[in-house]
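Trainee: The working numbering applies: residue 655 is where the sequence shown begins, and numbers increase by one.
In case anyone wonders, no lab produced these hints; they're calculated from the structure. Beta carbons: idealized from backbone N, C-alpha and C, even for Gly. Mixed in with the good hints, there may be bad ones.
Unchecked claim - Only pairs whose alpha carbons sit at most 27 Å apart, straight line, appear in this in silico BS3-like list of lysine-lysine:
id, residue 1, residue 2
1, K684, K746
2, K734, K684
3, K746, K734
4, K677, K734
5, K695, K734
6, K695, K746
7, K677, K746
8, K684, K695
To be verified - Pairwise CB distance ranges (calculated):
id, residue 1, residue 2, range
9, E683, S761, 15 to 25 Å
10, V672, G736, 31 to 41 Å
11, M745, T687, 28 to 38 Å
12, E741, T674, 12 to 22 Å
13, A717, S737, 18 to 28 Å
14, T762, E683, 16 to 26 Å
15, K677, I716, 29 to 39 Å
16, I716, E683, 11 to 21 Å
17, T674, D700, 37 to 47 Å
18, K677, Q712, 14 to 24 Å
19, Q711, M745, 28 to 38 Å
20, A710, E676, 28 to 38 Å
21, T687, Q712, 13 to 23 Å
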Amino acid sequence: MNEQSKSALTNKRDGVYVHTFEKPFEYEEKQYTDMVFDFNKLTGRDMLDIEAEMQAQQDYVIAPEISRNFQAKMAAKAGKIGSDVLEQTPMKDFNRITNAARDFLISTGY
655 MNEQSKSALT
665 NKRDGVYVHT
675 FEKPFEYEEK
685 QYTDMVFDFN
695 KLTGRDMLDI
705 EAEMQAQQDY
715 VIAPEISRNF
725 QAKMAAKAGK
735 IGSDVLEQTP
745 MKDFNRITNA
755 ARDFLISTGY
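Input sequences plus hints: build the corresponding full structure.
Mentor: Right, dumping it as structure tokens:
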């Protein structure tokens, strides 16, 4: 297991996921080398807001732990970034970040 994988596992247990980009990611003239997602700081209100936002877009959540769209919006809130920023990350990074959100949901017994 490489160092990044060990770090990610440790961070997920703590409810915090630190994602480090292999190559800096740039969006709207801002460069990101890493992003911190603190899932522990999310509240029930955040969850309800995500569901309401998705319903307004005619996208209904049956199970957040299997909805990539829900996980992306959840990660964006946990990372204090806009959903648009996260949606523009390379697919490999997007998958790792949304997987961290899914893992957090599963670990909390949702």
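Trainee: Now, for every hint given, state plainly whether the structure supports it.
Mentor: Tested hints:
{"no.": "1", "hint": "K684 / K746", "verdict": "20 Å, holds"}
{"no.": "2", "hint": "K734 / K684", "verdict": "14 Å, holds"}
{"no.": "3", "hint": "K746 / K734", "verdict": "20 Å, holds"}
{"no.": "4", "hint": "K677 / K734", "verdict": "21 Å, holds"}
{"no.": "5", "hint": "K695 / K734", "verdict": "10 Å, holds"}
{"no.": "6", "hint": "K695 / K746", "verdict": "25 Å, holds"}
{"no.": "7", "hint": "K677 / K746", "verdict": "12 Å, holds"}
{"no.": "8", "hint": "K684 / K695", "verdict": "24 Å, holds"}
{"no.": "9", "hint": "E683 / S761: 15 to 25 Å", "verdict": "36 Å, violated"}
{"no.": "10", "hint": "V672 / G736: 31 to 41 Å", "verdict": "19 Å, violated"}
{"no.": "11", "hint": "M745 / T687: 28 to 38 Å", "verdict": "18 Å, violated"}
{"no.": "12", "hint": "E741 / T674: 12 to 22 Å", "verdict": "19 Å, holds"}
{"no.": "13", "hint": "A717 / S737: 18 to 28 Å", "verdict": "20 Å, holds"}
{"no.": "14", "hint": "T762 / E683: 16 to 26 Å", "verdict": "36 Å, violated"}
{"no.": "15", "hint": "K677 / I716: 29 to 39 Å", "verdict": "36 Å, holds"}
{"no.": "16", "hint": "I716 / E683: 11 to 21 Å", "verdict": "38 Å, violated"}
{"no.": "17", "hint": "T674 / D700: 37 to 47 Å", "verdict": "24 Å, violated"}
{"no.": "18", "hint": "K677 / Q712: 14 to 24 Å", "verdict": "35 Å, violated"}
{"no.": "19", "hint": "Q711 / M745: 28 to 38 Å", "verdict": "21 Å, violated"}
{"no.": "20", "hint": "A710 / E676: 28 to 38 Å", "verdict": "35 Å, holds"}
{"no.": "21", "hint": "T687 / Q712: 13 to 23 Å", "verdict": "36 Å, violated"}
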